[in-house]
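> Sequence:
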Amino acid sequence: MNELELYNILTLGNDEKYTIISKTTKDDKEYAMLVMVDDDENPIPEKVKIVEVTGNGTRVKDVDDEKALELVALELTKNALDELDAD
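According to the working numbering, the sequence shown is numbered sequentially starting from 473.
These aren't lab readings, by the way, just hints derived from the structure by calculation.
Keep in mind that a hint or two might mislead.
With a Cα cut of at most 30 Å, we get these calculated DSSO-like pairs of lysine-lysine [claimed, not checked]:
no.	residue 1	residue 2
1	539	519
2	519	489
3	539	550
4	539	489
5	521	498
6	550	489
7	519	533
8	533	495
9	501	519
10	501	533
11	501	550
12	495	519
13	498	539
14	533	550
15	501	539
16	498	533
17	539	521
18	533	489
19	550	498
20	550	519
21	521	501
22	521	533
What follows is a list of derived Cβ distance ranges for each label pair [unchecked claim]:
no.	residue 1	residue 2	range
23	543	510	29 to 35 Å
24	499	531	29 to 35 Å
25	537	557	28 to 34 Å
26	511	538	22 to 28 Å
27	519	547	16 to 22 Å
28	542	518	18 to 24 Å
29	534	481	15 to 21 Å
30	539	487	19 to 25 Å
31	511	554	17 to 23 Å
32	487	554	17 to 23 Å
33	545	477	16 to 22 Å
34	484	542	33 to 39 Å
Note that the structure is predicted; figures quoted are calculated from it, not measured.
The beta-carbon is built from N, C-alpha and C at its ideal position, and this holds for glycine as well.
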């Protein structure tokens, strides 16, 4: 994920804004955990999504494959918690 960095703010096609709280690579695919943010860029913890990053880090798409979601969700959560502990 060269172009997308932790805590970058992304505006998705539906004009919702998210921040990147975790990233990982699994089976040669890049994934990120996103949390929606309000207009002041405060996180909305109940609005979390896991996306696959494509196009050299320029596009994201929701992970709707149940198996893929299971494979990466735990690792993304662990990475996010590790980031919190580092602060």
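> With reference to the structure, classify each hint as holding or not holding.
Results for each hint:
Between residue 539 and residue 519 the CA atoms are separated by roughly 21 Å; this keeps the pair inside 30 Å, and the hint holds. Distance restraint check for residue 519 and residue 489: the Cα-Cα separation of roughly 11 Å lies within the 30 Å cut-off, and the hinted pair is therefore satisfied. As the CA atoms of residue 539 and residue 550 are separated by approximately 18 Å, the hinted pair is consistent with the 30 Å bound. For the hint pairing residue 539 with residue 489, the CA-to-CA distance comes to about 26 Å; that is within 30 Å, so the pair holds.
The straight-line distance between the Cα atoms of residue 521 and residue 498 is roughly 17 Å, inside the 30 Å bound, and the hint therefore holds. As the CA atoms of residue 550 and residue 489 are separated by approximately 23 Å, the hinted pair is consistent with the 30 Å bound. Between residue 519 and residue 533 the alpha-carbon distance is near 16 Å, which keeps this suggested pair within the 30 Å criterion. At roughly 14 Å between alpha-carbon atoms, residue 533 and residue 495 fall within 30 Å of each other, so this suggested pair holds.
A C-alpha spacing of about 23 Å is found between residue 501 and residue 519, which places the hinted pair at or below 30 Å, so the restraint holds. For a cut-off of 30 Å, the pair hint linking residue 501 to residue 533 stands: about 12 Å separates their Cα positions. Our distance criterion of 30 Å between C-alpha atoms is met by residue 501 and residue 550, whose separation comes to about 18 Å. Note on residue 495 and residue 519: the hinted pairing holds, with a Cα-Cα distance of about 17 Å set against a maximum of 30 Å.
About 12 Å separates the Cα atoms of residue 498 and residue 539, which keeps this hinted pair within 30 Å; it holds. The suggested pairing of residue 533 with residue 550 holds, with an alpha-carbon distance near 21 Å, which does not exceed 30 Å. A threshold of 30 Å between alpha carbons decides the hint, and for residue 501 with residue 539 the separation of about 14 Å falls inside it, so the pair holds. Between residue 498 and residue 533 the CA atoms are separated by roughly 15 Å; this keeps the pair inside 30 Å, and the hint holds.
Using a Cα cut-off of 30 Å, the hinted pair residue 539 and residue 521 holds, with the two alpha carbons roughly 15 Å apart. In summary, the hint linking residue 533 to residue 489 is supported, as the alpha carbons are separated by about 14 Å, within the 30 Å threshold. Of the supplied pair hints, the one linking residue 550 and residue 498 holds, its CA atoms being roughly 14 Å apart against a limit of 30 Å. At roughly 18 Å between alpha-carbon atoms, residue 550 and residue 519 fall within 30 Å of each other, so this suggested pair holds.
Straight-line distance between C-alpha atoms of residue 521 and residue 501 comes to about 16 Å, which keeps the hinted pair within the 30 Å bound. With a CA separation close to 10 Å, the supplied pair residue 521 and residue 533 stays within the 30 Å bound. Distance hint for residue 543 and residue 510: a CB-CB separation of about 31 Å, consistent with the stated range 29 to 35 Å. The hint said 29 to 35 Å for the Cβ distance between residue 499 and residue 531, and at roughly 18 Å that hint is violated.
Between residue 537 and residue 557 the C-beta distance comes to about 30 Å, which sits within the given range of 28 to 34 Å. A hinted range of 22 to 28 Å for the beta carbons of residue 511 and residue 538 is inconsistent with their spacing of about 33 Å. The beta-carbon spacing between residue 519 and residue 547, approximately 20 Å, falls within the hinted interval of 16 to 22 Å. Between residue 542 and residue 518 the beta carbons are some 20 Å apart, a value that agrees with the proposed interval 18 to 24 Å.
Between residue 534 and residue 481 the Cβ separation comes to about 18 Å, which falls inside the hinted range of 15 to 21 Å. Judged by the Cβ atoms, the range 19 to 25 Å given for residue 539 and residue 487 is violated: they are separated by roughly 30 Å. Take residue 511 and residue 554: their Cβ atoms lie about 29 Å apart, and the range 17 to 23 Å is violated. A hinted range of 17 to 23 Å is violated for the C-beta pair residue 487 and residue 554, which are about 31 Å apart.
Look at residue 545 against residue 477: about 21 Å separates their beta carbons, and that is inside 16 to 22 Å. Between residue 484 and residue 542 the C-beta distance comes to about 23 Å, which lies outside the given range of 33 to 39 Å.
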